[in-house]
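Engineer: Top line first, the protein sequences correspond to chains A and B.
Be aware that the first sequence starts at 1, since it is given in the numbering used here, and climbs by one per residue.
Be aware that the second sequence starts at 1, since it is given in the numbering used here, and climbs by one per residue.
Don't read these hints as lab results, they were simulated from the structure.
Among these hints, one or two may not hold up.
Stated by the list, open to error - Far from chain B, some chain A residues (derived; all Cβ distances over 12 Å):
hint: 1; residue: 63
hint: 2; residue: 65
hint: 3; residue: 173
hint: 4; residue: 436
hint: 5; residue: 438
hint: 6; residue: 551
What the hints assert, rightly or not - Once the Cα atoms are required to be at most 27 Å apart in a straight line, the calculated DSSO-like pairs of lysine-lysine come out as:
hint: 7; chain 1: B; residue 1: 126; chain 2: A; residue 2: 147
hint: 8; chain 1: A; residue 1: 157; chain 2: A; residue 2: 125
hint: 9; chain 1: A; residue 1: 37; chain 2: B; residue 2: 323
hint: 10; chain 1: B; residue 1: 258; chain 2: B; residue 2: 276
hint: 11; chain 1: B; residue 1: 324; chain 2: A; residue 2: 65
hint: 12; chain 1: B; residue 1: 610; chain 2: A; residue 2: 488
hint: 13; chain 1: B; residue 1: 547; chain 2: A; residue 2: 37
hint: 14; chain 1: A; residue 1: 65; chain 2: B; residue 2: 299
hint: 15; chain 1: A; residue 1: 488; chain 2: B; residue 2: 222
hint: 16; chain 1: B; residue 1: 547; chain 2: A; residue 2: 24
hint: 17; chain 1: B; residue 1: 547; chain 2: A; residue 2: 157
hint: 18; chain 1: A; residue 1: 555; chain 2: A; residue 2: 576
hint: 19; chain 1: B; residue 1: 299; chain 2: B; residue 2: 309
hint: 20; chain 1: B; residue 1: 90; chain 2: B; residue 2: 126
hint: 21; chain 1: B; residue 1: 323; chain 2: B; residue 2: 344
hint: 22; chain 1: B; residue 1: 324; chain 2: B; residue 2: 380
hint: 23; chain 1: B; residue 1: 258; chain 2: A; residue 2: 488
Stated by the list, open to error - What the simulated footprint calls covered on chain A by chain B, stretch by stretch (three residues with Cβ under 8 Å from a Cβ of chain B suffice, anywhere in the stretch; the number is not a length):
hint: 24; stretch: 36-50
hint: 25; stretch: 161-172
Quick reminder that beta carbons are idealized off the backbone N, C-alpha and C, glycines included.
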Amino acid sequence: MVTLKIDGHQVSVPEGTTILDAAKLVSIKIPTLCYLKEVNEIAACRICVVEVEGLDRLVPACTAKVHEGMVVHTCTDRVKRTRRINLRLILSQHNSNCPLCIRNGNCTLQDLARDNNLIYNPYPKNVPNSPWSTSNYIIRDESKCVKCMRCIQVCDKIQGMNIWDVVGTGSRTTVGVSLNRTLAESDCALCGQCVTHCPVGALRGRDDIQRVYAALKDPEITTIVQVAPAVRSAWAENLGLTREQSTTGRMVSALRRLGFDYIFDTNFSADLTIMEEGSEFIERFTHKADYAWPMFTSCCPGWVRFLKSQYPAFTGNLSTAKSPQQMFGAVAKSYFAEKMGLDPHKICVISVMPCTAKKSECAQPNQNDACGDPDVDYVITTRELERMLRGDNVDPTTLPESEFDSPLGTGTGAAVVFGATGGVMDAALRSAYYLVTGSNPDPDAFRQVRGMDGWKEASFTIPGAGEVKVAVVSGLGNTRRLMEAIDKGWVEYDFVEVMACPGGCAGGGGQPIHDGQELAEDRSDILWDLDHNAAIRFSHENPEVQTLYADFLGKPLGHTAHHLLHTDHTAWEMPKNPRLK
Amino acid sequence: MSRLLIRTPSQAQAVVDNLYGNMERRIAASPPGLCPVDMALNFLNLCHAQSCGKCTPCRIGLGQLSILLRQVLDGEATMTTLDVIRDTAKAIVDSTDCAIGTNAARLVLDGLEGFKDDYISHIRDKHCLGSLQNPVPCVALCPAGVDIPGYIALIAAGRLDDAVKLIRKDNPWPIACAYICEHPCEARCRRTMMDAPMNIRGLKKYAVDNAGFVPNPPCAEKTGKKVAVVGGGPGGLSAAYYLTLMGHDVTVFERHKKLGGMLRYGIPAYRFPREKIDEEIANILSVGITAHTGVDIGKDIPFDELMAKYDALYIAIGAQTDKKTGMPGEDSGNVMSAVEMLGKIGDDEMPDFAGKNVVVIGGGNVAMDVCRSSVRLGAKKVSCVYRRRQVDMTALPEEVEGALAEGVELLTLQAPVRIEADASGNAVALWTQPQVIGPMDNAYRPRPMKADQSETRIEADLIVLAIGQGVETHGFEQMGIEVSHGSITTHADSRLPSGDGIFAGGDCVTGPATAIRAIAAGKVAAANIDEYLGFHHEITTDVEVPKPAFNNRPPHGRVNLQEREAGERKHDFSCIECEMSHQEAQIESTRCLRCDYFGYGNFKGGRNEKW
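With the rest of the complex left out, here is chain B:
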């Protein structure tokens, strides 16, 4: 008689595992705007199916919770039902034996707090608060609302110039976004349900790399109104671009030597080549924007003078100051901030890191930019010091992987405590306190805790702090502009509460964020400044998007952009990403499921033709 058997998964189990994978992708691709109570109910039912059935609270309690939630959704519940749901869920959390029940009930409790208003709306008004605002997930998630299915269809049709034109209707920075956008559009791509999200940024890059010169639309008749834009970054120039198209006379004031903001002074050339940013800015300016660089508003030109001379004002100064750690020795020589270092590189003043041990503090994308730039500047060794684990880094995983491939060392679970300087005051080492990973915080990110180990000394010739940026608000505060939590306060339409005709947007309002959010803010400001000036110009395009065909769309792998090999690319600042081939673009663009048409698109309209 055999005592043990080798376990092999059954056919059924293999299929179920497949279904799990499918469901994971499906949840990832959940469209924004669904009823949270309905989702909670259905997650609860999934949890209930996972129950082994031993313990009363889990076996029966989860089922009763499900019935109660259904009553809420069917408009059959009263406010007392919410108390019953809460008490039952608490009892399950308190008394069931394992995580299957506990976690399921906790999910219900979290929802009761997190979307209380939705529960109440179902009970009192018999309907849901939310609704599908935009039928197309990628467009809904793009802060600027770029017509993504539209330009993908144009790429599939080989009309790359039209694709660029269509993007520019909502975003005058197609090249920048093709190279560096964090592509929130891909997060809920419906294609994920079948295989993987569309490579939207990759397709855009193919379009801008191959479209050639694409002219801008003509400007509207001159209105005679003058608008000043403070800050020549992505947000400021976006507002300037659209306001100029609307016929207003726009002047941009930029403190740096060159335009581009963080696209130039934050993002290294290997991610966004200098000739590309210059090409994009030249195109934006070509609609007729006047730009003055090297002008510091508040110092070179008093703010009041600007207010007096212009009919409206857009403040888009970004988040350009660096945050400090406050640790001893931070003021030593050979310690610099990411903003300072990347700023110099932006002005083509390349520091010489040859033969140096560079220690970078931080775990975000900026830290990765500093690390990888340091490698390219000839550093002997680059170490990235971070107080949590690699998985907890806020940098995009591909940035971290890229850095590692280029030889950057990650020193994780090391909290910087002080900088050691030599007699002449120059940093020679960073001391860190080793950490262990701890419990989750409210944002469900684990907090590091002090490890039972002694401090570590990390030798350093140069220390770069990349722990975040702030907004230079001091001057504005003195001008009476409202500032809270280190950012300028505005209404949702980007008007300042205090000043008539003054608008603000981008990083200086939100704190450090992404280029596409700054661009979106510039678009919003342009529309509202136009209204404020008494006009209602509409931005539109004559590009017609091809109607989709009824095709078979079998599951198919996603085309990923390739990178130059690490050993080669780490020696220069040339673009690390390879171009998408024509063949790849054809394959990838025809993967698009055309949610602008299929599904809710052909009902509620998958396209905003103008704004």
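Chain A extracted, bound-state conformation:
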């Protein structure tokens, strides 16, 4: 342990602790901007500078380690003056038209300017800009970038994709797509982790709200909204609701206020996915020689993009089952349209997703199996939902709870955990067990696949089928490690679940942003609680899914199911990793 004094307060901390962390223990919050624990510790912004007795120059609290007898001052005139000047320098190159910024009210730079009482800037404004296509799913606004380099670091260190890189030198140093590519030309998985880790409004997902409003106001169009499992764990985080208030029922009521004709649940199609993917797994597992192993889940579009771009030879290992989002769209524009006597061309399917990659998934050219139109028309993220609710003056706090509509609004506990890492595997195993043995396992029998470890392994015996070796990974950096191990033959699995975002969709790139906090685990806990308390915890017991098969689809993997619910992953092109020959 090391004892030091910070602003007169004595504190003892383990050796290797930073001044920043030590200060927290004595309730001193040293402001930071570029710092992101364990990901971006590069002391670039120089906002966190403090004075250390005996040192001539100020030191950055985020990286400077404490030592015995150190005397630190975090709030001297010199520190405050330097901090304010550095902030003003950053602001001189920042397009601080805050009212017109997507991060207005949720911006670290804005907070710092406010907290440091900056009411004018002596430096002339010199805001750089560079063109960026607004049709991209991820949009970068050079005029807002503070060069904290977090996007580069998150993409490199957590996701291992190296899409962003430093461009230029000297005063023109900035961030751009690596290897002189455009984003569209790159092998970006579109996970959106760069967006959720940007402290300002320099990175954002494409905004599709106006497209949704256009559909809502069109009297000819029937609007159907589906809500992904993970959305319900986060939708009201920035709306001032307590966790207790932020129920699924209140979310449904809020969506109803926005004017959607039908409020449905992606949980329904998550159960459907389990029926198809679970059956597919059993089919493959009982005809092992006919297939390449392991089988991979296919519900995460970031992961599918990753596999197709980084390990294209493994594309055939993906389950052919569509993602729950796409299954939903295909069923809505076929079964539901037929049942309700609606022209599927006059139906607009809108998804609320915790995800930026879902926007690209619905636009894949072959996701149009129901009627020829795209099965899902628009995807909005959890953040866009929040903005729509604000825009339409919906105050969910006081709204009563209500139920999803029928028949595509019923989901089981097995479906809601799709939003957490391990959830798809857990749900699939529950139903695969049933499909083979004819009886249900303990719904918590597969809990080994749950939890926040980036790479989990387990092995389960299904009587009659044998031992099933499974792995669950989340985060593309972990995924690359797993794929290397599979490729090299170091590990062997039968079934692998992959989620591109760390912690799964709960930590998705479309979720609300809380700078410096990683909320995937807290949100996942909500989802696992929902599962635990659900009346039905097996996908194959979803009554509306059973009706769908009985009335329309026939049986899992049957002809209609194959046409509507499965996809050819090779039917669209994905730019390859430039390192691949």
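With chain A held as given, fit chain B onto it using these hints.
Structural biologist: Just chain B now, with coordinates in the frame of chain A:
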């Protein structure tokens, strides 16, 4: 009324002079990889500030050029802008009155040609071609990419054995490089911005002199693959060392009696003591390399036989032949080449120069080695004949100074024209044509021109030619191996274009260069031979580098290694350099600014932990 005043510099001028010195050092320490157009713009602005302002083209033109260059950098220019820049710069060169304007505009013109692609990239793609590839200047400039801040930190922490281990991860010759490396790593050392570059080689020498025995890492599991290395110099043995660590079975074939290549047969013992090279080679071999000396591949063992017996081949035969001047009398007796003379010394066959007038032709490091060895062999007088000036010599300045201190005479601006021999055919004198220094050549080196003076006769009992070496390519050429400009042709990964599984590197590919470049080539070859054999072994180390502390680092003088006094050292072949003391090593190692961490290092990673 006073008519004249004594001029004393003002306080402001003194400070400005200081700033000039500071800027000179700063430019010297410019990190590799910066945008050349940006640098050109900023140099131009500096030039513009130097303008007296009298002439239109300089006063206004340089400013307009600056605006145009800025447009290029800001992505606001078109290809026509380049024409305007070119025409304007030419007009300034053509019409301004003095060098301030002319030279500034010429700088712009040179850049337009020299980094045209960067200009075009800024205009067409709105970005720069270059980028900072490696955040640490010394590591970036070390051909082998040795973790220099890492081992300096270990030296500062007193962990000399770990320092040696860390160096060996990228370079199995820490002792050799401690004694003789030309230390390109020091050229852009960021410390130069404050005072002077780190004495990197000196610190390495302190580490190897004091570390004691440092074991090698264990070898990987045997792969069963066999690799032959032709040439037992620094490059060949480097490849052999890493390939052996990777688990391959390596055999080295060396034509000379002993291993070491030019480290033994080119560099005199007073720079690199024999016991040190023997110690280093013994360590390298100890990982399990088989070496056959006195074997001439192509003569003793046919090349084809080697190809048949081994899974891969590395050719690292160096540049061992001597170049000729072609002047009359060159074939006389008492005329020898540097390679021949230093080669004999390498085999401990000391020629007797006692009482002789030795004339050495050449101005490079090898010429200095010959001169200083001749002094030690008892020569009465040693004269170094060079056709340009002393400042133009390619030898390191400290080598020239060392030679002078030991009594070597420099006869500069003397172009050798012929050798005069006596009746028995032995050289007795060198005739030279005096020169005057002339205009700059393309490499900005002045060319000598014939002076209006008659030829000079320099009496000589022995003449040594030290004008460069070539590669013994003849045998390989006959084998169908591609040779161009006297060197073996290879890809950047050291593969030969012709032969499957044949790699080459070092002096035989680049022409005569430095030990560290040969070592780097050996490292590159080892990695690619490993891949070629179907493996992906990684070379790494378990040494952990201490994290830097936030310290005050005030400007401080650089610790230079001292040399034994000239009058004493010139009588023997013992090492001329003194050891760095513990106190000096402490001072010098803590001068390091730790660019592996501070600045770009903690962002883009200041360390390659494996290769």
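Engineer: Each hint needs a verdict: does it hold in this structure or not?
Structural biologist: Going through the hints against the structure:
{"no.": "1", "hint": "63", "result": "7 Å, violated"}
{"no.": "2", "hint": "65", "result": "7 Å, violated"}
{"no.": "3", "hint": "173", "result": "9 Å, violated"}
{"no.": "4", "hint": "436", "result": "40 Å, holds"}
{"no.": "5", "hint": "438", "result": "48 Å, holds"}
{"no.": "6", "hint": "551", "result": "56 Å, holds"}
{"no.": "7", "hint": "126/B with 147/A", "result": "18 Å, holds"}
{"no.": "8", "hint": "157/A with 125/A", "result": "33 Å, violated"}
{"no.": "9", "hint": "37/A with 323/B", "result": "61 Å, violated"}
{"no.": "10", "hint": "258/B with 276/B", "result": "14 Å, holds"}
{"no.": "11", "hint": "324/B with 65/A", "result": "62 Å, violated"}
{"no.": "12", "hint": "610/B with 488/A", "result": "19 Å, holds"}
{"no.": "13", "hint": "547/B with 37/A", "result": "17 Å, holds"}
{"no.": "14", "hint": "65/A with 299/B", "result": "64 Å, violated"}
{"no.": "15", "hint": "488/A with 222/B", "result": "19 Å, holds"}
{"no.": "16", "hint": "547/B with 24/A", "result": "23 Å, holds"}
{"no.": "17", "hint": "547/B with 157/A", "result": "20 Å, holds"}
{"no.": "18", "hint": "555/A with 576/A", "result": "37 Å, violated"}
{"no.": "19", "hint": "299/B with 309/B", "result": "16 Å, holds"}
{"no.": "20", "hint": "90/B with 126/B", "result": "26 Å, holds"}
{"no.": "21", "hint": "323/B with 344/B", "result": "18 Å, holds"}
{"no.": "22", "hint": "324/B with 380/B", "result": "26 Å, holds"}
{"no.": "23", "hint": "258/B with 488/A", "result": "43 Å, violated"}
{"no.": "24", "hint": "36-50", "result": "holds (count 4)"}
{"no.": "25", "hint": "161-172", "result": "holds (count 8)"}
When the structure is compared with the earlier hints, violations turn up for hints 1, 2, 3, 8, 9, 11, 14, 18, 23 and for no others.
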